[in-house]
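If you're matching them up, the sequences are chains A and B in order.
The numbers in numbering that gives the first Met the number 0 rise by one with no breaks, and the one at position 205 of the first sequence is 204.
The numbers in numbering that gives the first Met the number 0 rise by one with no breaks, and the one at position 225 of the second sequence is 224.
With a Cα cut of at most 20 Å, we get these calculated EDC-like pairs of lysine to aspartate or glutamate:
no.	chain 1	residue 1	chain 2	residue 2
1	A	Lys193	A	Glu157
2	A	Lys202	A	Asp221
3	B	Lys183	A	Glu87
4	B	Lys183	A	Glu101
5	A	Lys193	A	Asp212
6	A	Lys10	A	Glu51
7	B	Lys183	A	Glu67
8	A	Lys202	A	Glu172
9	A	Lys202	A	Glu170
10	A	Lys91	A	Glu172
11	B	Lys183	A	Glu170
12	A	Lys91	A	Glu201
13	A	Lys91	A	Glu5
14	B	Lys183	A	Asp85
15	B	Lys183	A	Glu172
16	A	Lys42	A	Asp197
17	A	Lys90	A	Glu67
18	A	Lys90	A	Glu170
One side only, chain A facing chain B, incomplete, derived with CB under 10 Å:
no.	residue
19	Lys90
20	Pro105
21	Arg165
For the record, the hints were derived by calculation from the structure and aren't laboratory data.
All residues carry an ideal CB built from backbone N, CA and C; glycine is no exception.
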Amino acid sequence: MTALIEAESVKRYYSNASWLQRLLFLGGSEIQAVDGVTLRIEKGEIVGLVGESGCGKTTLGWLLAGLEQPTEGAVRFKGRSLGNIDAETRKKVQLLFQYPRESLNPRHNVRTILSYPIRKMGHTATADITARIHSLLEAVGLSARYADRYSFQLSGGELQRVALARTLALEPEFIVCDEPTSAVDMNVKVQILKLLSDISREKGISLLFISHDLSAVRFIADRICVMYLGKIVEQAPAQQLFDHPCHPYTMALLDAIADIDPNAIRKASLHGQPPSPMAPPAGCRFHPRCAYTEQVGTICWERGPALQPLSTDHLVRCFLYPEVSQDPDRKQ
Amino acid sequence: MGDKLVVLGAVIVLVFLGIAIFGPQFAPYDFAQQFRASPGELLPISVMSTTATGERLLLGSDALGRDMLSRLIYGTRTTLVISISSVLLATILAIVLGSLTGYLEGSLFDEIVMRLIDALLTFPGILLAVILVAAWGTQGIEIGPVTTTPEMTIVFALVFTFTPRLTRTMRGSTIPQAHRAYIKAAQLMGMPAWRIVAFELAPNCLTAVIIQSTTYLGLAVFSTAGLGFLGLGPAEPQPELGKILARTQEYFLNRQFWHIFIPGFTISLLVFAFSVLGDGIRNVLDPEYRFEKADV
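Using the sequences and the accompanying hints, generate a full structural model.
Spelled out as structure tokens, the structure:
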């Protein structure tokens with residue numbers, strides 16, 4: 000069975016080389032925002048994507064939504080490349096932006112904002128559109144009064160609901176949620192998360208939930224991917240990842256969740272800043288900050304580990320675990 | 000004080016607009032009619048001249064014996080039509096070009112348009128309009144089956160002078176908006192590019208270009224009159240403020256030296272009124288400026 004959406008060893012590099020440098024093959028410096036990610040998302044599945052700022056999680060989300068084109072590799076929706084898909088199918092992949100106020104045109108009211116995608120879906124009669132607007136607003140927990148409001152009259156949570164309603168108007172099958180709860184306060188966050196997971200289960204919509212907020216991801220996701228400097232370092236079902244984190248980076252992240260006990264011993268806390276993606280460290284990208292390199296040995300900076308299975312659904316990219324023999328093209 | 004000045008500017012502009020629109024109804028004579036002091040002799044330049052046939056000319060006549068007041072009224076009409084329509088056309092063109100180049104920043108279309116605009120920007124001020132009118136002539140140009148009126152020639156020349164700067168402004172305010180999430184969202188919904196530019200992008204980028212174009216109204220009056228003064232205005236007998244000024248200037252060293260002040264003062268008043276009004280409109284539209292003022 001093919002996955003609903005899959006990324007196959009996608010890379011997205013940003014180059015700051017000018018056209019002259021490119022012409023002379025000089026090449027400026029390159030940012031390896033996403034460096035060889037393979038990810039499959041099934042129908043109705045909610046996948047969480049966590050990582051520090053700048054690790055490439057938003058870029059990966061934009062690649063999966065088709066807002067960015069991969070430098071290498073391919074993103075496929077229902078087995079067809081997202082780059083050359085028909086407009087009708089293309090609409091089924093949507094993205095919920097991080098800052099809802101930014102993602103809604105300040106000059107349009109909610110009715111205008113929702114009308115366009117509704118018309119696109121073939122509803123053209125005015126009464127039809129009004130009915131659709133009301134049912135969409137209801138679906139995201141807003142009353143019909145909101146139809147005539149402008150974005151500056153709405154709060155952060157209401158804005159994100161309107162943005163979600165606009166997305167739902169196109170009846171999508173896959174939505175990338177790019178940190179949709181980072182701009183709202185705690186109780187609104189919980190409401191939005193509930194809404195997202197309810198809608199996903201109700202309509203069978205797959206979600207890629209991008210966040211640096213582990214508790215939010217734990218709440219919503221079926222499966223979690225941990226990203227570090229453009230690569231996925233660990234992938235596991237949500238419960239298993241929280242119960243048995245295997246990658247040193249995941250352990251450090253979980254350890255960094257605020258603890259009630261101030262005297263708790265921090266086993267694997269993170270030090271320093273993540274290295275620049277312009278010049279990623281040789282070997283394993285995490286080795287300069289890893290607590291286990293001494294234990295594992297020089298292999299950590301000699302070559303990069305491959306993402307390999309520990310069990311059927313738990314993948315990890317670390318030399319702490321014995322290497323499974325594998326096909327050479329998965330090595331990196 | 001500033002607010003009163005804006006009101007004054009608005010009142011003056013309204014009065015002039017009234018003159019331009021209803022001028023033909025109350026202008027005492029035809030602008031081309033020549034009066035004579037006695038049979039065979041043209042009326043001399045003077046104030047309150049009385050003609051051979053007994054008409055009294057309130058502001059006297061020009062060197063060809065035509066009624067100064069009527070010419071001033073019709074001249075105001077010509078000058079205002081040319082300057083307002085050139086700013087209007089230039090603004091519309093700038094909004095279209097600026098929002099397209101801003102949205103398609105870095106594309107071939109953007110490069111071509113902006114390099115052309117850079118080329119036009121190398122001509123200082125009114126010089127480009129002078130060159131264009133001189134090249135096209137003041138008789139009107141043939142574009143396919145249509146022949147433009149002389150006034151349209153001047154409008155086109157001024158549009159060429161105003162559009163580059165206005166386009167740069169529009170492009171400048173479009174670029175940051177074009178990268179905002181609501182544009183990305185529209186793209187994701189599969190909205191066609193023309194619709195994104197026309198309905199999503201451009202309406203959010205208009206403030207700066209509108210502010211700039213209102214301040215250009217004064218400049219446009221000045222430029223129109225300047226072209227007329229240099230002999231590049233509409234052909235005779237069509238009156239135009241700059242042309243009237245040039246004619247009076249021929250007699251500046253005569254005893255009628257004060258005659259120059261009649262069209263001169265009219266032009267100054269118009270430019271002043273438009274400038275003050277432009278400033279006022281900027282204060283209303285530009286919140287930054289408004290807050291700056293509130294702090295003082």
